[in-house]
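K.L.:
This is what each chain is made of:
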Amino acid sequence: MSEVLLLVETKEGLLDKKTLELIRGGSELAKDLGVGVSAIAVGSETGALAESIASYGLKKIYRLEHPLLKGFMPDVWVGALEWLCKQIVPKVFLFSHSFIGKEVAPRLAFRLNTDLTTDCIGLKVDPQDGLLIRTKPIYGGNAIAALKCAGLPQIVTVRKNAFEPVEPVQGRSDIIQMVPDLNEAMIKVQSLKTVPEQIVELDKANVVIAGGRGISEKEDLEMLKALAKAMSKSYGNVMLGCSRPVVDKCWLSSDHQVGLTGSMIAPDTYIAVGISGAIQHLVGMIRSKKIIAINTDPGCNMFKVADYGVLEDYKAFIPALVKKLEE
Amino acid sequence: MQEMNIIVCAKQIPDPEAPFSNVSVNVEKKEVLVDAPDVISPYDENALEAAIRIKEEMGGKITVLSMGRKVADTVLRKTIAAGADSLILLEDPAFERLESRSTAYVLACAIKKIGAYDLILTGRQAGDWDSGQVGLILAEILGIPCISLARSVKIKDGKVLVEKTIPVGYEAVQAGLPALVTVSNEVGELRYVARTKMLGLLKRPMTIPKWGTKDLIDNVEKLSKLQLVEMATPPDMRRACLFIEGSTPQEKAGKLAAVFKELG
Amino acid sequence: MTPERAFFWKIEGVWLFYTVAFLAVALFLIGVGAYLYVWLKSTPKHKITFSRQALKQTLLDTFLGLRVFKGDLSAGIMHSSLFWGFVILFIGTCLLMIHEYLYSFLKGKSHLLFEVSMEIGGLILLAGIIWALIRRYIQRVARLERRLEDGLVPFWLLTVVLSGFALEALRLVLQKPAWGHWSFAGAWAAGLFTDSLAASAYPYLWWGHALLSLGFIAVIPFTKLFHMVGGPAALFLHHSENGSKEAALLSEEQNDAWNMGEVVFFDACMRCGRCAQACPSTGAGEPFTPRDFIQATRKALWQKHSPKGDIRLLTHDREIDRLAAWYCTTCAACLEVCPIYGAAFKFTAKKRTALIIEGKEVPDLLNQTLERLFNYENPWVSSKRERAAWAKGLDVPALSPGGEGAPLCYFVGCTTSFDARAQGIAKSFSAILKRSGVRFGILGEKEPCCGDLPRVVGETGLFQEKMENCGILFEKNHIEEVVTSSPHCFHTFLNEYAGKAFRVRHYVSVLKELIADGRLQLKMPMKFFVTYHDPCYLGRHNRIFDEPREIIRAIPDIQLVEMAHHGSDSLCCGAGGGRMWQGNELHGEARMSEIRIREAHATGAEILITACPLCLIMLEDALKTLGLEKKLRIMDLNELVLEALE
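Read top to bottom, the protein sequences are chains A, B and C.
Take the first sequence: its position 310, counted from the start at 1, is 310 in our numbering, and no numbers get skipped.
Take the second sequence: its position 140, counted from the start at 1, is 1140 in our numbering, and no numbers get skipped.
Take the third sequence: its position 556, counted from the start at 1, is 2556 in our numbering, and no numbers get skipped.
Think of the hints as simulated: they come from the structure by calculation, not from any bench.
One or more hints might be untrue.
Which residues of chain B face chain A? A partial, calculated answer using Cβ under 8 Å [to be verified]:
no.: 1; residue: Ile1137
no.: 2; residue: Ala1175
no.: 3; residue: Lys1225
no.: 4; residue: Leu1228
no.: 5; residue: Val1259
Label pairs and their computed distance ranges (CB to CB) [to be verified]:
no.: 6; chain 1: C; residue 1: Arg2421; chain 2: B; residue 2: Ser1247; range: 27 to 33 Å
no.: 7; chain 1: B; residue 1: Val1229; chain 2: A; residue 2: Pro298; range: 30 to 36 Å
no.: 8; chain 1: A; residue 1: Gly130; chain 2: B; residue 2: Gly1143; range: 42 to 48 Å
Backbone N, C-alpha and C fix where the C-beta goes; we use that ideal spot for every residue, glycine too.
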């Protein structure tokens, strides 16, 4: 049955927003190809997960269940998806460019004798041959490449925010349970232990408030934290970031750093406080949806790439902003 | 403790840390032009560092493989200067701009030609295309265990022990040898290679085997090139900045808060 | 009866004395021999040139001890007392031995003179010891340590002197010579003892004093007292190397191997701590002091080359930080104050060279910076194409040879070319040169890196390459006259480039010349209180202190005030030695640049002037982090001069 397939993912036990983005992308491709779009939920207990996407207009939801699929062991997940693809023979298979996608997709593509393109920011169907035109940034974003690959299924991983998430619709998708043919011998890598760590994952933030060289005292970071708190009420996940000088001063740990030698993020809103906008920093946040710069130097680079600018001393402005937001 | 036979796959690419103004796109030729020297892909350097540390601890041999249309041994000799034992270049116009699967296939042929090995280390993704596939596919072709995103690599009792980065923190895993591990920067920066060391090495005559399609591939048709439809420049980074007006910080703050509400 | 000293008066078993003396001297010589062994073994090539000039300088430094007085009058007087007291007593003892064994001349008036001199010598020595103990234990001077050795040594010497005087007192009580009052101190002390006490105590005290004194001589090589031998040796080697071209070339070849002067210096260092007091890194609470680095290096050298390990008995050195060698900013404050010309920055440089070759202990950011420098001809994240971007729209001429005389090549430098703030230097200086009608030009995109950064962080191979490339480029462009923005480029070209065919100056020299011959007229009054920060590589390294001040004072109405540390004891901004490109692994309790800004602020000055792009950037940053932007303005000397031209 030729269809567009996509892998459902979870985040902290709940449906990951990226899956909804994939559904949008998959639906558009499916329309162009004249086929349906279905999803796969993988795990040892996938009932709840399948339910959570049952109202998004998917043709089918495959519940790929097996005790060995508990947690995430790449060897068995690849084996399970390989089994499924050989059963279903999809036309297109979409993954998020996520931890799971990056691990599973290349190996699955190989086993299915097809070529994968990772980190796509755009997908289109070439009407002439029905192949996907995959658009992805290369050379750190200095160029955008569009390419095609032969082979079925057409398989890609898709960058976060490449598509808008879908809204729920009327109707329910069919949920089909499938038990893949797996065995323990497939597991070549044994997991010994999992250690959770407190990591600041800036790419998870909706809003990042970043301080730079212009912040004169470590204590002033409290002001930015207060702003983060005030904003987190209505603007999603708000995190504190910074440019390199703040990390060099040991005011914040390096996982807060945005830039060439830090994180490359694209939050909805990036508020740069006292950051001049050296190119090494810009690289890390230039793709933010909206950039707001707060600085006392009218000629600084940050104002050139910002959507909104505030020519004001942060020491006076930030507390005022916090007050206004709290109202 | 047994001695380790390690293969490191290192890609030669234009410096990914070249200043932005040095990178341009030739839309007609569908090429990216980087006015910068070639370097070893940064994560591959991390892989080499991991290999050298294992060699320092347990003894062994490190063979570096590099593949491309033209592979400069002046760039790759750095791996020897840092601590690798031998270098094999896979050079052929047919090796240029291949799909990841084909790249992995060529590497696998070379590795089969080399013979026995205990561990293959490579970077998690190349600094130019950042696909992140070749290592994983290579493991599949060779039929060996595959561990990605390693932040530390150790050998113990004939097994490879890896701490790999996962979304919530890290996971300790192990696999039997031979195995393939793709490495991330947390394993450590490649130790510095002093210029005097490098120059000394460049002056020394070295036999560096160069293998092309005739040495490795029976059927060149097996290799599939990237089908580029288009190569475009990224959009201009500049935005039209709207300055928030106001006579007091409070006034400006109020306006900005309103902007936030509007953005949603 | 003619006044004469009775030898071994009332002492039996003199053979024992000679035995002990022999053993003491033997131990002393064995100890010194051990040093010679280690020095020779640890220096692969040594060539010591004997010159009268070097000898003269050594004698002056040793006997006048002016460097000990420098900056610390109290220490100078204390040490001179110790020194001269010891010397007088030593000479006296030698004369006594000559008198006893060779030719008796200390009779009559000679003897009396002898006795008085010895009294004076002893008292001077005693005063010196007491003063030393007061400084160390009561005044608790910060740079002086209070380890066991530091107390034991002066205390031991004190017991030698006191027992000497007491012994003399007892002898005078028992002997009652007619001339006894000439030994006035002993004579006074004699009043404290009864005849019977003196009789019973005398032999014990005699042997006691003998053992203490001989023991003192024996332990010299095993304690920091060795500086008595090592110091003059180190001084001589320093003065020899200073004058010798051969030695300079030899030390160039040796890269990371120590030379004789350095190895002797390590052993001569007696931990006075002036370097620690002067060092800006130490002052900022960083885990680095020159003293600790030197002593750790000394210890490591002994552990490596001496079969019995370290000869010093009571060292208990602090372990130094793993990254210690990277902290030094090469500011040369240590060299300025060390009584035996110790330059800690030269030792850290050698250690860095070794670390670079080894590769593993090179901090990540420096690793990346050096790679960038190699690839892009600058340590900043900038493209070579942007090198002359600062000159856009300013109509700055490109260097073109030909015509009358050689044009002045304005060598802008990496930092001045690429850093937004530092570009102000280039803009101002080029404007000044144009206004003065000077025929000059810039190399633009072709301008290479002078190689100073690799040089100071131990990447000698990369420095050599840069030096060669620069030399070739300058030759190709027929460059004869160079002026630099940065004192670092200036210093490297002037002092580190071998066999160059061009003359190089720092811009202050050019400004001074232009003012002197009237091409630059500073007419605009600037009624400001200003202060001037001496960059390390202009000031201490190249002794250019006055010219910048003369230039500032040439501006009408300007008032120059000096910071607490100025001129030769200027405080480093913290960027030198590659620190500008080191990350947050190297940090202390404070920032050197912030300490300096506070000093500037404390003068009440409105403008802080400097003459180095690195200082400019560091001080501007510190100004921001301290929140003093409204209180103080920082300007490069060129920017100030340009304003005075308007």
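K.L.:
Hint by hint, say whether it matches the structure.
P.N.:
A quick look at each hint next to the structure:
| no. | hint | verdict |
| --- | --- | --- |
| 1 | Ile1137 | holds, 5 Å |
| 2 | Ala1175 | holds, 5 Å |
| 3 | Lys1225 | violated, 10 Å |
| 4 | Leu1228 | holds, 5 Å |
| 5 | Val1259 | holds, 6 Å |
| 6 | C:Arg2421 <-> B:Ser1247: 27 to 33 Å | holds, 30 Å |
| 7 | B:Val1229 <-> A:Pro298: 30 to 36 Å | violated, 43 Å |
| 8 | A:Gly130 <-> B:Gly1143: 42 to 48 Å | violated, 33 Å |
Consistency note: the structure conflicts with the earlier hints numbered 3, 7 and 8.
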